[in-house]
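Kindly generate the complete structure, drawing on both the sequences and the hints.
Chains P and Z, in that order, give the protein sequences.
Counting with full-length UniProt numbering, you get residues 1 to 622 for the letters of the first sequence.
Counting with full-length UniProt numbering, you get residues 1 to 217 for the letters of the second sequence.
Among the hints, a few may not be true.
Among chain Z residues calculated to face chain P with C-beta under 7 angstroms, some are [as the list claims (entries may be wrong)]:
#1 69
#2 81
#3 85
#4 198
Rather than coming from a laboratory, the hints here were simulated on the basis of the structure.
Glycine is no exception: its CB is placed at the ideal position from the N, C-alpha and C atoms.
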Amino acid sequence: MKENVASATVFTLLLFFNTCLLNGQSPPGKPEIFKCRSPNKETFTCWWRPGADGGLPTNYSLAYHKEGEKFIHECPDYVTGGPNSCHFGKQYTSMWRTYIITVNATNEMGSTLSDEIYVDVTYIVEPDPPLNVVVEVKQPEDKKPYLWIKWSPPTLIDLKTGWFTLLYEIQLKPENAEEWETHFAGQQTDFKVLSLHPGQKYLVQVRCKPDHGYWSSWSPEYSIQIPSEFTMKDTTMWISVAVLSAVICLIIVWAVALKGYSMATCIFPPVPGPKIKGFDAHLLEKGKSEELLSALGCQDFPPTSDYEDLLVEYLEVDDSEDQHLMSVHSKEHPSQGMKPTYLDPDTDSGRGSCDSPSLLSEKCEEPQASPSTFCAPEVIEKPENPETTHTWDPQCRSMEGKTPCFHAGGSKCSTWPLPQPSQHNPRSSYHNIGDVCELAVRPTGAPATLLDKAGKDALKSSQISKPREEGKAAQQREVESFHSKTDKDTHWLLPQEKTPFGSTKPVDYVEIHKVNKDGALSLLPKQGNNSNQPEKPRDPENSKEYAKVSRVMDNNILVLVPDLHTKNVACSEESAKEAPPSLEQNQAEKGLADFPATPSNCRLQLGGLEYLDPACFTHSFH
Amino acid sequence: SLLLLLVSNLLLWQSVTPLPVCPGGAVRCQVTLRDLFDRAVVLSHYIHNLSSEMFSEFDKRYTQGRGFISKALNSCHTSSLATPEDKEQAQQISQKDFLSLIVSILRSWNEPLYHLVTEVRGMQEAPEAILSKAIEIEEQSKRLLEGMELILSQVHPETRENAVYSVWSGLPSLQMADEESRLFAYYNLLHCLRRDSHKIDNYLKLLKCRIVHDNNC
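Okay, structure coming up:
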C-alpha cells in the first residue's frame, strides 16, 4: 500500500513536471544588472536585464549590502528608475563605499539569482545634459558678430556647496557641415564663439561632466541663423566700385589729356591757314621782301595761270603754341619730310607738299593745272619763334619753275572745304595765300614762322586730304595770320591775336582801311596791343575779307591783290603801331565787286572771318 | 667653537617655522587663503587622476578577471578614520575638523606611498607607467600635505600639529612571495589610494566653497 502511494506520488510529480516542461515553463533566467548611474553623487539607480522569464510571470527583487556591513537590504525604489530598475535615494546612497547588489528573479518555477555586482557610487557618476541652452548672435559695433551660448546646469546637482563640480563642453557646426567644432568651456556656463561664417545656420550642442566621471549626453541641437554681414559687404563693395570708377576716370582723363589735341582736332578740325610755298620767314624777318619773294619763286605778278598752282600753296601761319612745333620744324629742315610730331594738328593746314619728299618727287615735277590740287607748303607762322629759320628757300627754289606741288586732294580745290569753326583761330592763324609770291610782307622779326613747318608740311600734305586740312587751307587765306608785331618795314599789321597757348607774340592784325588805286593799302592805325584786345573778340565776328598781298614795296606799301585783274594795291605806309589796319575786307570786296558774284563756294565763313579763295578768282578770271 | 656651531644650528632649526602667510590683517589673508585652496584643489584633483589611471592600468594588466574586487572590501587602512560619506554628513563636520581630517588622511598615506614606489621600482619588469605615476603621486601628496598644514595653521592657528593618522601595515603583503597574494596586496593598495584621493579632492572642494566662497560656488 505504501509503496503504491509512494509510487503514485512520484508518478504524479513526474507528470506534473513533465506537464510543466511540456508547457515551456521554467524558472526564470538569470537577470543581469548591466548599468548603475548616479547623476549627482546623492542618488543612484541600477538597471537590470531580465533573463528568460520561463514562461511564467516573474518577479524581480534586488538585494544589496554595503561594504563593511552585513545587513542586506532590499531595493528601496523599483519605480523611479523605470522597469527593471532600482533607485537608491539620498539616504541610501553612500560615497566611497562599495555596494554589493544582486537581483533575484522569481517565478512559480523558481528563482534565479543574478551575479553580484560591486558598485562604488564614486565611479558611476554621469550627469544629465545641461538645460536652458540659449544661443544668440551678438553684433557689437565695429566688430564682427559672435555667437553667445548660454546654458544652465542640470537640475538636482549641488554646485553651490562644492559637492559637485561640473565641466562643460559645447559643439557647433554649420548646418551642412560634417564635422562638429568642439570647445571646452570649463566650469563657466556661457561661451563665445568668435569665428563664424556669416549667413550660415549653425547648430549648437552642450554637454557636461563631473570632475571625475562620465560625460553627459548632448543637449538637443539648437539652431541659429547668423545674419550675413550685409553692411560690411556693402561697404566693401561700394568702396571697390568707387575705386574702380575713379581709376577708370583717371585713365580716361589721362588719355584725353595726352591725345587731347589729336582728339580735339578730330572733333574740331582746325581751320587751315594760308600756306606759302617757298616762303622764307627768315627773309621776312630781315625785311628783305625781294629776296623773299624771289625765294618764293615768284617772278612776276600778278599771278599767271601758273599761279593757279601756286594758289594751292598755302602760307600757313601758325601763331599757336607749338614751341615744339617750331623746334620740330627747325630740326626738320635738314631732314625734309620728316614727320613732325606735335600735338596741334590745327597748325597744319594744307600741309606743304613741297616738303614731302614723296610729293616732291611725284607731283612737284608735274605741272598740274587742276586747281583742285593744292600744293601747300605750309607756312606756319608762329608768333613767337623768330629763329625759325627754315629752309624754305631751297625747296622752293628747286621747285621754281616747276609747278608747285599739288596736293592730290582730288576735287578739293574747286570747292574749298567749308571752313571749320575757327576754334583754332586764336591758336593757329593761317594765311591762305594762294600766291606764295604774293606773300611779301612780313613783319620783321615776326616770330611768325611761316615756313617753320616746312618739314611738317610734307607730312601735312598727307593730311591735306583730310577735310579738316581743307578747312585749314581755307583758313590759310587769312592774311591775318601774319604776325605783325614789330613795326618795321612791312606793316603787315594784323589784328593782334592772342593764342591760347600764350605764345609770346600774338598775331597782330591790321585792319586795312582802304586800298588805293595803285594797290596801296592804307591801314588803320593800330591802337596798341591792349586796345587790340577788345578787337580780338570782335575779330571773329567781323566778317572780313582778306586780300592777297602781292608784294611789299619799298616804303612798306602793301601791294594787294584784291582781285586778280585789279592792279596792285599798295598799302599805304603806316607805322605798324599806329595803324594796324587789317586787310580790309572792303578792299577785297571792292576788288571783288568787279567780279562776278564770287562763287559762293569761294567765300568761306570761318568763324566770322570770311575768306576769299584767290584760286577761285583765278579760275573765274581764266 | 663647536659649541657655538651647535647652538647656532639649534637656533636656525627653531627658526624654521613656517611663517604665517598673512602677516597682515584678515582681509588680506582671505585672498591668500583662496590662493592656497585653489592650489590645494589643483593638487588633489591631479593626484586623484593619477591614482585612477594607475589603478586602471594595474588592474587591466595584472588582475583583470581575478575578482579581487570582491575581496578588497573594507580593507583600507584609513577606514578607521571617521570620514563623511555623503554631503549631509560632510556639511555637519566643522571646518576645523574637516581640515584636520584631510591632513590625517594625507599623513596616513605618506608611508604607503613611499613603500609603493620602492616596491614597484624593485619589481622585475617594473611597469614604467605605474612606477612613474607612483613617484608623482608621492611627490604631489607631500606638497599637498604641506599646503594643507599651511591652510590649517592659517584658518585655525590654535590647532596643534595633528598627530592622528592611520598606520599602514601592508608592507609585508607587498613583499609576499605568493604572486596572487602579492598582486592582491598591490591591487588593494591602489584601490584604496584611488578612493582616498577622491575623498580628499571632494573634501577640499567642499571646504573651498565653504570657506572661500561661503557656500556659494
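Status of the hints after comparison with the structure:
1. 69: 5 angstroms, holds
2. 81: Residue 81 of chain Z check fails; min Cβ-Cβ to chain P is 11 angstroms, beyond 7 angstroms.
3. 85: The hint holds - residue 85 of chain Z has a Cβ within 7 angstroms of chain P, the shortest such distance being about 4 angstroms.
4. 198: 5 angstroms, holds
Hint 2 alone, counting from the list given before, is not met by this structure.
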